[in-house]
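Number of protein chains: 4
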Amino acid sequence: MKKKLNVAMLGYQFMGRAHSNAWRQVGHFFDLPVEPVMKVVCGRNEQAVKDAAESLGWEEYSTDWRKVIERDDIDIIDICTPGEAHAEQAIAAAEAGKVVLCEKPLGNTLAEAEEMLAAVERNKVIHMICHNYRRVPAVTLAKQMIDEGSIGRIYHYRGTYLQDWIVDPMFPRVWRLEKSKTGSGALGDIASHSIDLARYLVGEITEVSGMLKTFVTERPLPGSDEMAPVDVDDAALSLMRFENGAIGSVEGSRMAPGRKNYNRFEINGSRGSIVFNLERMNELEVYIDEGPNSGFKDIYVTDPSHPYFAAWWPAGHIIGYEHTFIHTVYELLKAIDEERIPSPNFVDGLRNQRILDAIVRSAESRTWESI
Amino acid sequence: MKKKLNVAMLGYQFMGRAHSNAWRQVGHFFDLPVEPVMKVVCGRNEQAVKDAAESLGWEEYSTDWRKVIERDDIDIIDICTPGEAHAEQAIAAAEAGKVVLCEKPLGNTLAEAEEMLAAVERNKVIHMICHNYRRVPAVTLAKQMIDEGSIGRIYHYRGTYLQDWIVDPMFPRVWRLEKSKTGSGALGDIASHSIDLARYLVGEITEVSGMLKTFVTERPLPGSDEMAPVDVDDAALSLMRFENGAIGSVEGSRMAPGRKNYNRFEINGSRGSIVFNLERMNELEVYIDEGPNSGFKDIYVTDPSHPYFAAWWPAGHIIGYEHTFIHTVYELLKAIDEERIPSPNFVDGLRNQRILDAIVRSAESRTWESI
Amino acid sequence: MKKKLNVAMLGYQFMGRAHSNAWRQVGHFFDLPVEPVMKVVCGRNEQAVKDAAESLGWEEYSTDWRKVIERDDIDIIDICTPGEAHAEQAIAAAEAGKVVLCEKPLGNTLAEAEEMLAAVERNKVIHMICHNYRRVPAVTLAKQMIDEGSIGRIYHYRGTYLQDWIVDPMFPRVWRLEKSKTGSGALGDIASHSIDLARYLVGEITEVSGMLKTFVTERPLPGSDEMAPVDVDDAALSLMRFENGAIGSVEGSRMAPGRKNYNRFEINGSRGSIVFNLERMNELEVYIDEGPNSGFKDIYVTDPSHPYFAAWWPAGHIIGYEHTFIHTVYELLKAIDEERIPSPNFVDGLRNQRILDAIVRSAESRTWESI
Amino acid sequence: MKKKLNVAMLGYQFMGRAHSNAWRQVGHFFDLPVEPVMKVVCGRNEQAVKDAAESLGWEEYSTDWRKVIERDDIDIIDICTPGEAHAEQAIAAAEAGKVVLCEKPLGNTLAEAEEMLAAVERNKVIHMICHNYRRVPAVTLAKQMIDEGSIGRIYHYRGTYLQDWIVDPMFPRVWRLEKSKTGSGALGDIASHSIDLARYLVGEITEVSGMLKTFVTERPLPGSDEMAPVDVDDAALSLMRFENGAIGSVEGSRMAPGRKNYNRFEINGSRGSIVFNLERMNELEVYIDEGPNSGFKDIYVTDPSHPYFAAWWPAGHIIGYEHTFIHTVYELLKAIDEERIPSPNFVDGLRNQRILDAIVRSAESRTWESI
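Residue numbers (our numbering), protein chains in the order written: chain A, 457 to 827; chain E, 457 to 827; chain F, 457 to 827; chain U, 457 to 827.
No lab work stands behind these hints, which were simulated from the structure alone. Keep in mind that the hints are not guaranteed to be accurate.
In this list, chains with the same sequence are indistinguishable; a pair is considered to hold if it fits within one copy or across any two.
[Claimed, not checked] List of simulated lysine-lysine pairs, DSS-like, C-alpha gap at most 25 Å:
no.	residue 1	residue 2
1	K580	K460
2	K790	K580
3	K506	K458
4	K580	K458
5	K459	K506
6	K506	K460
7	K458	K669
8	K599	K459
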C-alpha cells in the first residue's frame, strides 16, 4: 500500500480548478510513489466553497484556512489564492511543518517573498512554486536539448507573453488590476513566466533595463458605471543581461489583440535556435546548423520518449493546458517521496521576484538595475 | 439529487483509457443532468482488468462481460473492445435493454453493422457511436459555420488522415494489421474518420471510386522473427460524389513519415473555405471572401462562446485529444436525460460502413460503386 | 564574343510577358554560353503587338508569324499563344529548322501533341516545353533529394493545385473557359502542372481513375449579359498508380476560395516526406526520420548552394514567380550550346497529355484507364 | 516622347546589382512619366567596373566618380558605395545640382548625415534614401490599413531583424565588421530597417534605452590566419517610446542561427494587430477584433488592387526581394516628374541616424536617451 498524503487547497477559482484537476488526475496516469488524498478545500464564502468541494472533488470544505493548516492529518498545503494572501498562508503552513505548494508570484512584494523563503527553510519543509510552464513537455525537451549543448553557447533569449483580455477600455477594474491585491499587472502575471523560463533555460539574470506602461488609466468598477484608476501596468518590457554572457529581452502585455495566450520564446545559440509558443504547446521549433539544407524543424512533442508523454496517449494525440499542472504535482510527489526540494521552488520564486523588483526600480530610475 | 446511471465498460486498452477518463472527468466540468457511476470494467485477463479497474477508476471488475450485461443495476454499456467483438456485445446489450455506446467502426463487416442497428432499434435502446472528432470544438464550430451558410454552397471536401506508426517494415504484425480482428487497415481505422467528418459537414455520399494499397506485405509476428502476411491496407484512397452536388476525396495512410495524427480536411464552398488539422486541433482556418484583403483566418477555438469551451479554461488555454471523449460522453448523457437518440449513432455507424464497403468493392471492381 | 541567337516570340499576353522578362533578364544574372537577342514579337493586332514590342523589349514586331518563322536570321521560336495555336506554330517552326520552346499544354488534343513531337523529331530540332515549376529552386532541390534517396522508396504523391479566380458565378466565359480554344479547364491548365511534377519527382504513371466537374455550367459572355455554356471542367481529380509501385492523387480546381496559386505537393517515402507549396515557393518542408526528435524542417531555399540561387541574391533574399521562367530559358540556352535536348521537352509534353487524355476517358468510362 | 534622365551609379556590389536591376526593369512594368537611361557606373577597379557595366547593363563605366558627377548630361546620382563614402559623394552630387538617391545608412556618423541633409536642402535638389522595405507591397498595405484606423490607436511596435551570416566565429573580419567603414554593425545594417519601419508605420520616436553586444570579439582577416578585433556590434537592442504614446522595441542580430532575413514586426493597436515577416514578404497577417471568431488573417498581398501589384503578375504569383528596389526607383521617378521630394528622403535618413546615435549613447550611459 502506498503512503497516503492529505492535501488541503486554499482558494478555488481559476488556479484552484486547475490544481484540483491535477490532484484528481495525476494518479490515473502516473505511477505515483505516494498517494495524494483530496481532503479539504478552503474559501471565505461557505456556499461557494461547498459547491467547489463537490464539483472539484474535495472530501471536505472549510471557511477557516488557519484551522485547516493546524490539522495534524493534513500533509500538503496548496495555495491558489490571490497574491496578497500568499505570504501569510505559506508562512503559517511552513510553521505548521506542512509541504507547501504555492502559486506564483511567490509574494505580493519582494519583502514578503523573502520572508516566505526564510520560513520554509527555517522550518525545513518541502516547498515548490507553481511555474507550470516548465512542465510543458516541449519546454522540458528544450531544457534537455540546451543542457546537452545542442544549440551551443547561448547568445539570445527573447521572451514575449501577449494576451488581449483587457484591450477593451471598458473592461472592468477587476482585482487583477489592483496593485494592492496583485502586486503588479502584466509584469507579475505574465512577464514573470517569461522570466522564469529565461532562468530555467538560459541561467541567472544579472541586470535589467525595464519600462512599464498603463495605456488605459481608468476603468469602470465591476458592475458599475463608476470609473476607478488602474494602478498596475498594462505592459512591461525589459532588456537583460545573463551571468553567462547571453543577452535578452522579455515583454508582457495584455493589450495585444488576437494574442490569447502567446507565451513565446526564442533562444539563439552558437549552433542553433529553439522557438516555443504556448498557443501551440505540443510543438517545439528547433534549428540546428547542418549546412544549407538546414531549417527550423517543427518537432511534434507527443512521443512516448518525450518528457511526461509516456503517461498519456500514443504519439500524435495532444495534451492541453491543464496537463502542465498534473506534471507539476507529479514532480512534487516524487520529491516528497525522495525527501528533497523539487524544482522550481521558493528560491526560484524569490529570484523571480527580485527580477520583477529590479524591473520596477529600473522603470523608475530610467537606468539599468542589478538584481 | 441527480439520477445515477451505472456504467459498464468492455475493454480497457487505448480506447478504454480514453473512455474511462471521459467518465471520470465529465462531471467535474459539465453540469450534468444525470450522474454516471463508473461501476464495472470487463476484460479477459483477471489481473490486467483488476489493475485497470484501479488505475482507471472503476469500482469493480469482471472477466465475464455477458454476466455484466445481464445485471439489472447496469444502465450503460460502453464498448471499447477490438472491432471483432462489437457486434456480439452491442447486440447483447441491446437485447438487455441497455444504453449502448460503441467505439467505431460499428462492426467488423457490413452485415454485422446492419444487425447491430437492427438490434438497437428493435429493442428501442439509446445508441451512440464514438466518432469523437465531431466533438473537437473547432470541428463543431466548422459545422455551425457551414449550417449558417458562411461558406455558401459546398463544392469540395478534401479529407486526409495520415499517420506513420507502421512505416518501419519491421514493425510487427499486431492485431490491427489482421483483417479477421479489425476488418480493414487504414480504411476502417482512420479513413473512416475522414468519411464521418465528410458526412457530418457536407452530407450524404452517393458513390465512390476507391483504391487500397499494401506496401509492406509481410511483417514479423510480435516478439518473433517469423514473418506473417499483412492482409489489410496500408493506405486507402477514394474519390466521391455527394448527394448535394459536392465532390470530394478521402485518404487514409499509415505510411506517411512525420505525420503523427494528421487528420486534415479542407472544404471549399461558393463563398469561402474551411481547413482543420487535428495536429493543431484548437485552431480552425476560415476564409471568407471579403475582397482583396481577405485571407485565411486562424481562429483559436478556445473562447467560452465556442462549442464546449465554457466548461474548460479561459480563452487561450488549450485542450487536447482526451477532451473529445469527454464531450462525447456529455452528449450521450444529455440525450439519455432527454430520452432521445444522440448523434452520431448506429445509423451513422452503418452508413459509414456502407461507404467503407463500397470503397472495398470499388477497389476490386475498378469502377465507381454506389453506396 | 558569344554566339548570338535571335529569338522570335509568338503571343504577348500573360505568358508572353513572363517569357519576355526571362529573355531580358537571363543574361544579367547567369553566365550564358550563347547570347539571346530579343528580335521580334508576333501578334494579330498591329497596335497591340507594337506596344508590346516596346514595353517588353523586342526589337521588332510582326503580325505574320508564318513569315517570321521563315526568316533565316531567326534561331529560336518561343510559343506563348493559346493552346489552339500551338500545334500549327510548333510544327511550322520545326519544319523551318528552328529551336522550339512551347508553353504548356503541348497541343489542344492528344493527336496534336503527337504530331508536334513527330515534327520536332523528324526535323531534328531542339525542343522544350515550359513546365516552369520544375525550375523553382525548392522543387529542383526536392528532385535532388529524392534522387539521392533521402526519403527512400516513394509510397505516396499527393498533388493539389487550387485557385479561386472563377468562383464568382458571374465571372465571364473567357477563352480559358472554352474547350475549343483551350482543350480543357482546370485539368489542362493547372492539374497538368501537378501531373508534370508527379512525373518529374516520382516517375511514370501507368493508370488513372479520374473525375471532372463543372459547378457553374453557364456564365455571361465577356462584357455582356448574355449567358453562354461552360464546356470545360471547373475541377478535375484523379487517383493514379506509378510504374515504381507508388500511388497518388492529383486535383486541380479553380473553385477554392482563398487559394490563389496553391500548387502543393506532398510526397511520402519509406524514410521521409517532402512538402512544397507554390504560395511559399522559397521554402521546402522536409521530414527525415531521425527518431522522436524528428520534425518537418522548413528549408529556406535561398542559399547560393541551392539550385539557381548563386545567380541571385544573398541567402534569405527571396525570388518570385517570374524567376522560374528565367531558369527555364537558361536551361534551354545551355542545351542549345551543348547540342542536346533539354528537359522537360515535347516527350514530356506528350506524356503529360496522354495522362490528361486518360483522365478524360476515365471520367467518361467510370473505370480505371491505362496511359 | 518621354523626357530622358541619365543615371550614374556609384558602386556595383550587392546594392549596385539590386539598383541596376531596378533601373533596367522599372520601365518594363510601370508606366513611367520620365525615362531613366542607365548611362554610367563608377568604381575604383577598372576591369571590375568594366565587367559590371556589361553584366548590369550600363552604357559606360568610369573610375572617377567626381568627374561623372560634374558631367552636365547626368541627372541622377545613385549612391551604392559603403557608408564611409556616402557623405562626400552625396554632398558633391548635391552641389552639382543632381537628384540624389542614397543607400542607407545616410552617413557613417550623425555629423555626416546632418551635412548631407544640409547640402541637398541648400542646393534644392531632389533627394531620396533607399529604405526599400517600405516598398514591399505588404508593408505599404500595412501603412494604408494603419492610416485608415483599421487597428485603432497603436500601443505596441515590436521590430526584430535577425540574420545568421556571421554566427561562425571563423567568419572573416570583412569591411562590414569594421566601424571605420560602416559606422556600426547590426545596429546600422539591420536594426536601422526596423527603426525606419517603426517611424513609417507608427510615428516619431522620442527616447530609447539601448544595448549593444559583440559576442565574437575577434575574427580572422579575410584570406588569412591573423586575427583582428571586431569593433562593431553583433547585436543591438532597444526599448523605445513614441510621440503618440505607443511603446516599442527593436532588435537586430546577426547571431541568430536559422534566421536568414527575418525582418519581422508586430504592431498591436486598440482594435487589432498587424504582423509582417520579410521571409514571407508576400503575406501580411492582420487581426481585427470581430468577436470570438476573429483570428489572424493571412492576406496574400498579390492582388492587382494591392500596392504596386497591378504592374506585376496575376493574383497569387509572387514577387521577391529585388522588386522592392524597382518600386523605390518608380517612386523616385514619379517625384522627379512632379517636382517634389519623395519619401523616404534625407530627412528620414537623418532622423533614423539620430535614433541610432541615441541607442549608442544609451548603451554607453546605461540610461534612457532622448532623440
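Going down the list of hints, with the structure as the test:
1. For the homomeric pair K580 and K460, the shortest alpha-carbon distance inside one copy (21 Å) is at most 25 Å, but the shortest distance between copies (46 Å) is not.
2. When the C-alpha separation of K790 and K580 is checked against a cutoff of 25 Å, the pair qualifies only within one copy, where the shortest distance is 17 Å, while the shortest distance between copies is 51 Å.
3. Taking CA atoms no more than 25 Å apart as the test, K506 paired with K458 passes between copies only; the shortest distance there is 17 Å, against 29 Å inside one copy.
4. For the homomeric pair K580 and K458, the shortest alpha-carbon distance inside one copy (24 Å) is at most 25 Å, but the shortest distance between copies (46 Å) is not.
5. In this assembly of identical chains, K459 and K506 lie within 25 Å of each other by CA distance solely across copies; the values are 20 Å between and 27 Å within a copy.
6. Taking the shortest alpha-carbon separations for K506 and K460, both the intra-copy value of 24 Å and the inter-copy value of 21 Å come in at or below 25 Å.
7. Within a single copy, K458 and K669 get their C-alpha atoms no closer than 51 Å, and across copies no closer than 51 Å, so neither meets the 25 Å cut-off.
8. For the homomeric pair K599 and K459, neither the shortest alpha-carbon distance inside one copy (32 Å) nor that between copies (49 Å) is at most 25 Å.
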